[in-house]
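There are 2 protein chains.
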Amino acid sequence: MLPEANPFLSCLSKNAEAVHFFCNYEESRGNYLVDVDGNRMLDLYSQISSIPIGYNHPALLKLLQQPQNLSTFVNRPALGILPPENFAERLKESLLSVAPKGLSQVITMSCGSCSNENAFKTIFMWYRSKERGHNNVTKEELETCMINQPPGCPEYSMLSFMGGFHGRTMGCLAATHSKAIHKLDIPSFDWPIAPFPRLKYPLEEFGKENEQEEARCLEEVEDLIVKYRKKKKVVAGIIVEPIQSEGGDNHASDDFFRKLRNIARKHGCGFLVDEVQTGGGCTGKFWAHEHWGLDDPADVLSFSKKMMTGGFFHKEEFRANASRYPHLISRARGRGTFCSFDTPNDAIRNKLIAIARNKGVVLGGSGDRSIRFRPTLVFRDHHAHLFLNIFSDILADFK
Amino acid sequence: MLPEANPFLSCLSKNAEAVHFFCNYEESRGNYLVDVDGNRMLDLYSQISSIPIGYNHPALLKLLQQPQNLSTFVNRPALGILPPENFAERLKESLLSVAPKGLSQVITMSCGSCSNENAFKTIFMWYRSKERGHNNVTKEELETCMINQPPGCPEYSMLSFMGGFHGRTMGCLAATHSKAIHKLDIPSFDWPIAPFPRLKYPLEEFGKENEQEEARCLEEVEDLIVKYRKKKKVVAGIIVEPIQSEGGDNHASDDFFRKLRNIARKHGCGFLVDEVQTGGGCTGKFWAHEHWGLDDPADVLSFSKKMMTGGFFHKEEFRANASRYPHLISRARGRGTFCSFDTPNDAIRNKLIAIARNKGVVLGGSGDRSIRFRPTLVFRDHHAHLFLNIFSDILADFK
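Quick note, the sequences are listed as chains A and B, same order. Each residue of the first sequence is one higher than the one before, counting from 1 in this note's numbering. Each residue of the second sequence is one higher than the one before, counting from 1 in this note's numbering.
Keep in mind the hints are simulated off the structure, nothing from the lab. Backbone N, C-alpha and C define an ideal beta-carbon position, used for all residues, glycine too. Heads up, some of the hints might be wrong.
Stretch by stretch, here's where chain A covers chain B in the computed footprint (C-beta under 8 Å, at least three residues) [to be verified]:
no.	stretch
1	119-125
2	206-220
3	249-258
4	263-272
5	278-289
6	338-352
Distance condition first, Cα-Cα at most 25 Å in a straight line; then the derived DMTMM-like pairs of lysine to aspartate or glutamate [said to hold, decoys possible]:
no.	chain 1	residue 1	chain 2	residue 2
7	B	K62	A	E27
8	B	K227	A	D397
9	A	K227	B	E26
10	B	K179	A	D397
Each pair of labels, with its calculated beta carbon distance range [claimed, not checked]:
no.	chain 1	residue 1	chain 2	residue 2	range
11	A	K232	B	L96	47 to 55 Å
12	B	D397	A	D296	39 to 47 Å
13	B	A396	A	E155	54 to 62 Å
14	B	L96	A	G268	23 to 31 Å
15	A	G284	B	D381	50 to 58 Å
16	A	F73	B	D397	25 to 33 Å
17	A	E143	B	Y32	37 to 45 Å
18	A	K230	B	N358	22 to 30 Å
19	A	R372	B	L61	44 to 52 Å
20	A	G268	B	C282	29 to 37 Å
21	A	G102	B	D249	28 to 36 Å
22	A	D190	B	P202	28 to 36 Å
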């Protein structure tokens with residue numbers, strides 16, 4: 001249960017008797033952590049940067065005691081299926097109100113590792129969709145993915161930096177390179193690893209050396225992208241922390257990140273900024289990447305810790321491609337609620353309409369192969385979701 | 001935010017107007033889920049099997065409102081470093097009180113995916129430690145693991161079953177084979193996948209066919225273990241669900257599992273039973289594997305959902321090997337608090353003692369190269385952890 005040493009605690013613990021491992025969280029307040037013997041400690045480490053506004057902040061305690069929040073905690077809603085009431089509105093008021101520039105979409109997750117794992121998957125799906133160039137998933141892809149083989153499971157890679165830390169699940173771990181103890185004995189992916197700048201301090205004395213060091217690292221990033229493309233392990237994305245935290249608080253200049261972002265764009269790689277440790281205000285901006293001053297700072301951005309939930313923001317173009325049944329559905333079109341799509345022929349169209357009716361959904365036909373929607377003007381989002389849910393099943397089972 | 005269709009809901013939703021997606025959790029009670037329009041539904045799906053004793057059970061609501069539980073929720077303790085007061089006792093009273101046979105150790109996790117990811121890692125580390133046969137981690141291993149390459153990251157595999165579901169992070173996903181939509185476009189590992197029995201019903205009519213079907217699957221498991229060993233992707237572990245849930249509620253006989261467990265033992269593979277969906281009482285026993293009637297049912301067992309926390313149980317021999325600094329420490333020995341270990345020579349021994357003293361820890365020497373512990377009889381666990389923490393850092397920095 002105590003897998004690793006904590007260097008900060010050891011540093012504090014010169015007076016060994018003053019530091020214990022077990023803590024009394026009920027008594028802890030604000031910046032003060034109380035240990036099991038009642039010792040009050042000024043906590044500058046805050047659960048590895050996870051306490052946004054102090055221990056037991058009265059506003060948070062009050063929020064948690066509200067009946068709707070209590071019930072969300074004890075009932076564990078399966079968010080993808082049965083979200084709590086006003087979930088979309090709650091996301092708008094909270095996470096989406098601090099969405100990074102250009103990232104209009106958010107997915108919530110339990111922790112930082114899950115956030116990065118799913119950010120990787122989002123980038124892989126986006127890249128594959130670009131590479132495919134159309135929506136026709138082949139039978140071979142559907143079959144090979146079930147046995148972990150290409151082309152269904154393509155041999156894509158994520159480029160990461162030496163010294164980076166992105167979590168310890170197997171995908172994240174393949175992009176993590178901060179300590180051998182995290183990685184030893186665990187199988188991994190052959191993914192490219194670039195050097196992260198090792199700046200010399202004070203910065204004002206080493207301007208030229210540091211500039212050269214950053215240029216060297218960026219050159220290596222481009223070389224790796226080319227090299228891995230050649231060996232058929234295309235770099236679908238680049239992941240980077242604005243400040244490498246677990247790896248030793250390694251900084252790079254804003255200019256380094258601006259150039260790195262451009263390299264990602266130039267080579268068509270998704271740019272994933274990991275703000276799990278830097279997000280939530282602790283670098284003087286809400287997100288650390290704001291220091292770079294970019295209008296298009298990231299394609300995907302992961303968070304957790306001080307945000308009090310995990311998750312990731314992403315651009316709209318990174319939404320999973322909805323064209324799951326290209327052999328059944330095409331030419332989706334519409335204005336407002338006046339929508340329609342085509343099926344391959346009138347036999348299939350009529351059969352789909354009949355099955356839908358048996359499952360409680362009334363649809364209309366038009367032309368020789370189209371299905372049309374003519375809902376009322378009080379049609380709400382949840383009706384659309386209800387339809388999509390039922391119709392997805394119909395398509396999945398359609399023979 | 002609504003990534004997938006839910007077949008059960010669609011089945012319920014023949015009366016389409018009666019089912020909505022957004023739910024009022026505060027109003028839900030016991031077996032009844034209340035939707036956003038106030039409709040009360042008998043919920044037989046319970047958040048994909050995650051509600052152990054009904055919505056808003058008064059005992060759970062009361063527990064969550066107790067100050068020490070409220071404060072644990074808002075303060076998010078970093079469990080490996082600063083566990084809450086009496087954490088070990090709480091684990092004993094709760095999870096360890098229902099530990100499966102022979103699995104005396106437990107690690108808590110946030111969700112089922114993280115539980116399986118870490119169960120995999122535990123098995124890989126255990127297997128590597130067996131294979132190594134000694135505690136000398138080489139410089140090459142420490143260096144190659146940082147760049148994802150063997151021997152530091154060995155090319156081990158986990159054997160899984162077609163139709164199995166173990167989560168969607170990249171490690172879990174490599175062992176998951178229930179639906180193409182989970183896996184398409186995501187890079188994966190070349191790991192062996194065995195067929196899971198497809199039993200014919202009613203069982204009493206197909207006794208012989210089903211027996212042959214199970215024998216065929218078990219034979220394939222052994223063939224795959226041999227085949228993957230030959231291609232240098234040694235099968236370190238086997239993961240299986242007692243009932244394949246996401247894959248279609250596929251059952252196999254107790255005898256199948258008893259034989260599978262024996263195969264794992266025979267070939268030295270860690271046997272990981274995934275009880276994320278079957279655990280917590282829903283199969284008529286607390287754990288589904290209890291139906292097998294085995295004294296040694298598993299090496300590692302993962303759980304989540306109805307257990308209201310994720311995690312995994314494991315045998316004591318699956319604890320991470322503590323021999324991290326074999327070049328500095330050897331011959332650890334002791335009785336009670338009367339303990340000691342050897343260092344390579346008296347110069348190193350004396351230097352370690354001096355550094356420890358500077359960090360607030362008093363140690364004694366004995367013989368020409370030993371360090372001895374002679375703590376008081378009121379020495380407590382947390383003092384031991386404090387020492388281990390400080391001394392781990394000393395060893396990590398020792399030059």
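Query raised in the report: Honestly, which of those hints from before does the structure not fit?
Result: Numbers 2, 3, 4, 5, 6, 8, 9, 13, 14, 15, 16, 18, 20, 21, 22, in rising order.
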